[in-house]
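Protein chains in written order, with my numbering: chain A, 11 to 366; chain H, 11 to 366.
Fair warning: there could be bad hints in the mix.
The list treats identical chains as interchangeable, and a pair is accepted whether it falls inside one copy or across any two copies.
To be verified - Below, a list of computed lysine-lysine pairs in the DSS-like style, where the Cα atoms sit at most 25 Å apart: (1) Lys29 with Lys68; (2) Lys220 with Lys359; (3) Lys29 with Lys220; (4) Lys278 with Lys331.
Worth flagging that the hints you see were computed from the coordinates, not collected in a lab. Note that the structure is predicted; figures quoted are calculated from it, not measured.
2 protein chains.
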Amino acid sequence: MAGVFTTNQVQAAPVQLNKITIKNGELQAIIVNSGNANAVTGNIGLEHAKIMQETTAKVLNIDASLVGVASTGIIGQILPIDKVVAGIHQLNIDGDTNGFAHAIMTTDTQEKSITIQSNIGGHLVTMSGVAKGSGMIHPNMATMLGFITTDVSVTSDLLQQALSDDVETSFNQITIDGDTSTNDMVLVMANGLAGNATITTASEDYDHFKTMLHTVTTALAIDIASDGEGATKLLSVTVNNGHSELDARMVAKKVVGSSLVKTAMFGKDPNWGRIIAAIGASDVTINPNIIDIALNDIPVMTAGAPVEFNQEVMSQSLEQKNIAIAINLHNGAAHGQAWGSDLTYEYVKINALYTT
Amino acid sequence: MAGVFTTNQVQAAPVQLNKITIKNGELQAIIVNSGNANAVTGNIGLEHAKIMQETTAKVLNIDASLVGVASTGIIGQILPIDKVVAGIHQLNIDGDTNGFAHAIMTTDTQEKSITIQSNIGGHLVTMSGVAKGSGMIHPNMATMLGFITTDVSVTSDLLQQALSDDVETSFNQITIDGDTSTNDMVLVMANGLAGNATITTASEDYDHFKTMLHTVTTALAIDIASDGEGATKLLSVTVNNGHSELDARMVAKKVVGSSLVKTAMFGKDPNWGRIIAAIGASDVTINPNIIDIALNDIPVMTAGAPVEFNQEVMSQSLEQKNIAIAINLHNGAAHGQAWGSDLTYEYVKINALYTT
Numbered sequence: 011m012a013g014v015f016t017t018n019q020v021q022a023a024p025v026q027l028n029k030i031t032i033k034n035g036e037l038q039a040i041i042v043n044s045g046n047a048n049a050v051t052g053n054i055g056l057e058h059a060k061i062m063q064e065t066t067a068k069v070l071n072i073d074a075s076l077v078g079v080a081s082t083g084i085i086g087q088i089l090p091i092d093k094v095v096a097g098i099h100q101l102n103i104d105g106d107t108n109g110f111a112h113a114i115m116t117t118d119t120q121e122k123s124i125t126i127q128s129n130i131g132g133h134l135v136t137m138s139g140v141a142k143g144s145g146m147i148h149p150n151m152a153t154m155l156g157f158i159t160t161d162v163s164v165t166s167d168l169l170q171q172a173l174s175d176d177v178e179t180s181f182n183q184i185t186i187d188g189d190t191s192t193n194d195m196v197l198v199m200a201n202g203l204a205g206n207a208t209i210t211t212a213s214e215d216y217d218h219f220k221t222m223l224h225t226v227t228t229a230l231a232i233d234i235a236s237d238g239e240g241a242t243k244l245l246s247v248t249v250n251n252g253h254s255e256l257d258a259r260m261v262a263k264k265v266v267g268s269s270l271v272k273t274a275m276f277g278k279d280p281n282w283g284r285i286i287a288a289i290g291a292s293d294v295t296i297n298p299n300i301i302d303i304a305l306n307d308i309p310v311m312t313a314g315a316p317v318e319f320n321q322e323v324m325s326q327s328l329e330q331k332n333i334a335i336a337i338n339l340h341n342g343a344a345h346g347q348a349w350g351s352d353l354t355y356e357y358v359k360i361n362a363l364y365t366t
Numbered sequence: 011m012a013g014v015f016t017t018n019q020v021q022a023a024p025v026q027l028n029k030i031t032i033k034n035g036e037l038q039a040i041i042v043n044s045g046n047a048n049a050v051t052g053n054i055g056l057e058h059a060k061i062m063q064e065t066t067a068k069v070l071n072i073d074a075s076l077v078g079v080a081s082t083g084i085i086g087q088i089l090p091i092d093k094v095v096a097g098i099h100q101l102n103i104d105g106d107t108n109g110f111a112h113a114i115m116t117t118d119t120q121e122k123s124i125t126i127q128s129n130i131g132g133h134l135v136t137m138s139g140v141a142k143g144s145g146m147i148h149p150n151m152a153t154m155l156g157f158i159t160t161d162v163s164v165t166s167d168l169l170q171q172a173l174s175d176d177v178e179t180s181f182n183q184i185t186i187d188g189d190t191s192t193n194d195m196v197l198v199m200a201n202g203l204a205g206n207a208t209i210t211t212a213s214e215d216y217d218h219f220k221t222m223l224h225t226v227t228t229a230l231a232i233d234i235a236s237d238g239e240g241a242t243k244l245l246s247v248t249v250n251n252g253h254s255e256l257d258a259r260m261v262a263k264k265v266v267g268s269s270l271v272k273t274a275m276f277g278k279d280p281n282w283g284r285i286i287a288a289i290g291a292s293d294v295t296i297n298p299n300i301i302d303i304a305l306n307d308i309p310v311m312t313a314g315a316p317v318e319f320n321q322e323v324m325s326q327s328l329e330q331k332n333i334a335i336a337i338n339l340h341n342g343a344a345h346g347q348a349w350g351s352d353l354t355y356e357y358v359k360i361n362a363l364y365t366t
């Protein structure tokens with residue numbers, strides 16, 4: 011198995027516990043509660059996470075060291091552990107993943123899951139992922155929970171490397187509100203039942219596996235962005251011809267994270283000045299005089315100067331749910347993407363009334 | 011005179027022009043238009059800024075090199091220069107500062123100006139400041155315009171040093187939406203008419219002058235934060251016992267810039283979990299287990315653990331316009347502050363409909 015966790019210095023009890031648990035490289039089950047983050051709850055919080063782990067292990071008749079724990083919800087409230095324990099004893103453990111995808115939702119409006127199949131070394135392999143968003147989303151690690159299972163045979167070390175590399179271009183490239191949660195994690199479990207020759211080193215099979223992983227993580231990441239709190243739009247920012255991939259990703263993330271870009275898109279307003287302002291405010295060195303910007307394939311700025319466009323065609327285009335912002339930095343050959351949602355009345359409403 | 015400008019790599023034409031103009035260290039007038047930022051407007055934009063400068067110089071019968079230019083408004087639209095030139099010819103130049111404070115407003119709801127007097131070296135000295143906000147406010151330089159005049163006698167070099175130092179704890183510590191404008195600037199003009207012995211070096215008089223400057227800049231900065239787009243609250247974050255002043259300021263600014271903290275305060279919701287999450291997500295190394303947090307002087311977290319508080323008293327307290335968030339890092343002796351506004355329906359409305 012492999013895992014990545016929030017980079018927030020304030021880490022929820024289940025995050026702290028998992029970091030110890032996964033040291034042996036094996037995991038067979040993950041128990042998740044939603045509604046209470048079990049974060050900033052002191053020593054009692056860590057005790058509660060251990061009770062969740064041990065109770066689940068007992069119910070499944072496996073060792074506690076094989077059980078991961080995740081929580082999502084309000085920070086700073088003591089977990090009602092009696093309810094959680096009672097719930098674990100009532101678990102349906104026949105493998106109903108759809109129930110799982112639904113159960114972990116908080117302010118999510120839609121379940122997020124995907125299953126793909128492919129062929130590695132002549133063996134049919136399957137990979138499934140489930141995730142939840144949908145606020146406090148500014149991954150690093152992604153402010154979200156993601157759980158991926160596969161029957162591919164791969165060493166834990168290589169699985170960890172694949173996951174750590176992958177999140178840089180998938181979950182870590184989504185942002186809803188620029189806030190980084192205390193509870194983020196993505197866990198991947200691979201049981202090897204597909205029967206392929208175990209992937210132990212960088213190879214064609216490893217590349218193939220990484221492509222599968224990227225397909226799953228990117229689909230889940232985009233689902234999360236699309237279902238951001240209060241979202242009416244999915245914003246997809248593509249940066250081409252950057253100096254480096256990191257540069258391209260940073261510019262894309264800065265634009266998709268701008269409150270002013272997000273409100274403009276909610277208002278179906280082609281206010282591209284806010285896009286170039288966000289690019290200029292990023293930590294990447296750019297030359298504004300050579301940059302091109304297009305909104306849904308309609309050029310709005312070329313070589314740093316405004317471009318006339320048909321207002322009516324643009325208006326119709328911005329009615330769509332999916333908004334594509336394309337930026338050409340003309341500063342190299344690297345590519346990067348980021349995804350997010352618009353900033354809406356509903357976002358404010360959801361977050362102004364979250365605990366009350 | 012002295013000036014500081016936006017750190018955005020995309021700089022509006024008037025910013026580019028002023029950087030050249032102020033090299034001689036003298037300025038006698040500033041011409042400002044609102045509604046159009048004259049940013050990302052190419053060479054024609056720079057021509058327009060020069061025309062504003064030259065026309066104003068002609069009307070005032072002074073050299074063009076003594077005139078500063080500022081613009082604020084929508085990015086990427088060509089300035090209607092004929093209207094601006096006609097307007098300059100109709101200027102009331104009898105020194106009506108209140109008219110000025112009003113004229114430079116965009117989405118500001120209130121004029122922002124302050125005048126203070128003090129005594130330096132036995133001479134009565136006066137300092138006045140005028141500013142406008144109120145969106146795209148995440149200074150560095152502050153996304154705003156600020157103009158300060160004084161009759162203190164001080165060298166340009168020392169004035170520049172005082173201003174550059176000062177903005178780090180005043181204008182650069184406010185944030186409305188995390189976006190950095192292309193047009194920010196603060197200009198200070200000192201004409202020496204107070205008759206004090208010219209301040210030429212670090213001294214008691216210089217310290218006194220810096221205190222005056224800080225009084226003016228901080229008052230204007232807080233006015234801007236308080237009048238942030240759609241704001242119903244002024245959020246004041248104080249960080250005590252940080253490792254360094256920079257650390258304390260960074261933590262304060264991270265908290266006041268968190269969308270989730272801002273929406274919680276709009277909702278009068280004491281959701282302090284979002285405050286500690288924002289602290290943990292800052293680039294400052296902290297130990298969450300020793301941090302205290304209080305909301306309007308009511309402790310909500312002590313040594314990293316929740317504190318019971320009277321919900322009714324808290325609710326009443328959060329009805330106020332002014333919300334004080336106090337954070338004790340217990341990690342040193344340094345202090346820092348930051349100011350901002352809540353995130354409201356009205357913010358979204360203003361920014362979704364800005365160009366249309």
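Hints and how they fare:
Taking the closest pair of Cα atoms, Lys29 and Lys68 come within 25 Å of each other only inside a single copy of the chain (21 Å); across copies the shortest separation is 70 Å, beyond that limit. In this assembly of identical chains, Lys220 and Lys359 lie within 25 Å of each other by CA distance neither inside one copy nor across copies; the values are 39 Å within and 43 Å between. Taking identical chains as interchangeable, the C-alpha atoms of Lys29 and Lys220 lie at most 25 Å apart only when both belong to the same chain, with a minimum of 23 Å there against 50 Å between chains. With identical chains, the CA atoms of Lys278 and Lys331 are at most 25 Å apart within one copy only, with a shortest distance of 10 Å there and 32 Å across copies.
Hint compliance for this structure: hint 2 is the single one not met.
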